[in-house]
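Novice: Those protein sequences? They're chains A and B, same order as listed. Once you know that position 83 of the first sequence is 83 in my numbering, the rest is easy, because the numbers rise by one and skip nothing. In my numbering, each number is its position in the second sequence, counted from 1, plus 1000.
Keep in mind that the hints were calculated from the coordinates and are not lab data. Think of the CB as a built atom: it goes at the ideal place given N, C-alpha and C, for glycine as much as any other residue. Any given hint could be a false lead.
[Said to hold, decoys possible] Listed next, the stretches of chain B that the computed footprint assigns to chain A, with coverage defined by at least 3 CB atoms under 8 angstroms from CB atoms of chain A:
| id | region |
| --- | --- |
| 1 | 1080–1094 |
| 2 | 1306–1320 |
[Said to hold, decoys possible] Only some residues are given here: those of chain A computed to face chain B with a beta carbon under 8 angstroms:
| id | residue |
| --- | --- |
| 3 | Thr26 |
| 4 | Ala58 |
| 5 | Gly61 |
| 6 | Val64 |
| 7 | Leu66 |
| 8 | Arg68 |
| 9 | Met92 |
| 10 | Ile98 |
| 11 | Ile101 |
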Amino acid sequence: MSEPYELNERGGALVFKPLAKTVDQTNADSFLAPLAARAAEGFKLALDLSELRFLNSAGLGAVVMLVRDLKQAGGELRICAPTPTVRALFKMVRLENIAAIDDSVADALRAFGAEGPEGG
Amino acid sequence: MNAPSGCEERLRLALAAEADAGARLQAAVLIGVDARPRPGLDFAFAALPSSSVAGDFLDIQSLREGSLDLLIGDVMGKGMEAATLGVVLKHAFLRAQARLALRYGAPPRLDELCAEAEASASAHFIARRSIATLAYLRICEREGLYEFVDCGHTGIVHYRAADRGCRLVKGADMPFGFAESQAFRRYLAPYRPGDALLLFSDGLSECEGSGGEPFGEERIMRYLRARGGQSARAIVDGLVRVGSDYASGAFKDDLTLACVRAGMPSASDDNAPASAEAGPVEGEAGSAPAPAPAPAPAPAERSGRLRLVLEPGSGRAGERLRSAVAAALRADGQVDGETAAEIVLACHEALENIQRYALVDGGHCLASWRLRGRVFCLELDYRGPDYDWLSVPEADASNFSPRGYGRAIIDKAMDSAFLCAGFGDEKTLVMARRLA
């Protein structure tokens, strides 16, 4: 069973927003499941983490796998608006080496060149 | 039987002279203890050379007020050769201490100290095809903390007064002489008033009973559990006596012991070595030792405990631990948000690590944390099967590793993390971080 989420398309990019507040060993495998199944499509993805208060190492592994799968398929993932604790985790493992981290979804869409009328 | 020939007699005398020289070297140089009393620290030692001198060495000294350094080691082999290499190694440490203290104006970090000593000593060991195991322990009174580096030695027994439990604390570095250099790991762990730390040589743990069975680490821990509340002197003397009884009075190896009890009234007037053969005590020559200055008042301490129920498929225990640790760090008021987030993450990962590798089917865990003197410590006590903490893989996001980030997070967030064992299936995961 996947965790609750919001998925929108804006100007050619997907915006995925997990609504779970916590990702730990109990739901790390499922919180990105709707995207993992479609990664081979190679889309541009803004991963909006503004609702996520805690992400553990297993959840981080899921993010890394999604970055890899999208890259291999010609797509791209940008992480948007991580909360301070999640941002600290990304900094510790230097996630910025494989995925850009933006302060907002609007910033990510601008970087994609995919600003839509409701971007932001 | 024929009387020895002149040649045999000369050989016997030469060997006896060498053994005597080795014993004198050991007594004069290899066993050195600054036994001045220190308020709040009760310590004692014993150093009993075997008949053939087996290369044990011990050094106890204070490099600054509020700390005590203990170095114990064992050079492979016996006689003059082992004693000489012991002198080489001890000299390398003393020189490294002086050089690094001059550079930093403070006692050096233990990992750096060991690296500096190894740089000058390892060539001698490699050339002589010998090795030395050692453990370096530093008591930091202000932080209520001990630090150690363990290079293949016997480990350190930590007696915990609060629950009368014992843990055998071990590091993971190689003995001196295995390689020209290595990256040493410094571990940190908290102690509490009444706790005792015991360093011992294999002369005790490997002394054999009448059936050939070694005395073993478990007997040492059992002794401490029963008598850990006694003075350091009583603990050391008692262990020597019990070991001697076990070995029917015949230790085949050097026997070296040092015990420190922390946060206790000083009993160091009682610090004389266990026997007259144990060698001189440094710092006693000449005038009477100056009284130690009163220690600085202990810094404020924030601490807490949680009994956690680990259930498969539930994140409740992790949530409770995160919440409690975050609250403690917030209440301190001096820990910045990013540092606090790193520590909370590492605590969570440690708990999940236990759930994932040791308590797969669930269990209980007692989490104890403490923030004192700008050092955060977490201990996770549980009962469970052995697992090799160091073999858990460490991931690298740049290589798109799918898992293993827990270890990477803990290593990045904490200055030290190690797993140690007690009686039966008792385990403790200990983590610590020095804060800016």
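Novice: The structure should be examined with respect to each hint, and the outcome stated for every one.
Specialist: Evaluated hints:
Counting residues of the region 1080–1094 of chain B whose CB falls under 8 angstroms from any CB of chain A gives 0; the rule of at least 3 is not met. Taking a C-beta to C-beta cut-off of 8 angstroms, the region 1306–1320 of chain B contributes 5 residues in contact with chain A, enough for the three needed, and the coverage statement holds. The interface hint given for Thr26 of chain A is met, as the beta carbon of that residue sits about 5 angstroms from the closest beta carbon of chain B, less than 8 angstroms. Nearest Cβ of chain B to the Cβ of Ala58 of chain A: about 7 angstroms, under the 8 angstroms cut. The hint holds.
Interface hint at Gly61 of chain A: satisfied, since its Cβ lies 5 angstroms from the closest Cβ of chain B, which is below the 8 angstroms cut-off. Checking Val64 of chain A against chain B: minimum C-beta separation of about 5 angstroms stays under 8 angstroms; hint holds. Interface hint at Leu66 of chain A: violated, since its Cβ lies 10 angstroms from the closest Cβ of chain B, which is beyond the 8 angstroms cut-off. At about 4 angstroms, the closest approach between the beta carbon of Arg68 of chain A and any beta carbon in chain B falls short of 8 angstroms, and the interface hint on this residue holds.
Among the interface hints, the one on Met92 of chain A holds; its C-beta lies about 5 angstroms from the nearest C-beta in chain B, closer than the 8 angstroms criterion. The restraint placing Ile98 of chain A at the interface with chain B holds, with a minimum CB-CB distance near 6 angstroms, inside the 8 angstroms limit. For the restraint placing Ile101 of chain A at the interface with chain B, the shortest Cβ-Cβ distance is roughly 12 angstroms, beyond the 8 angstroms limit, so the hint is violated.
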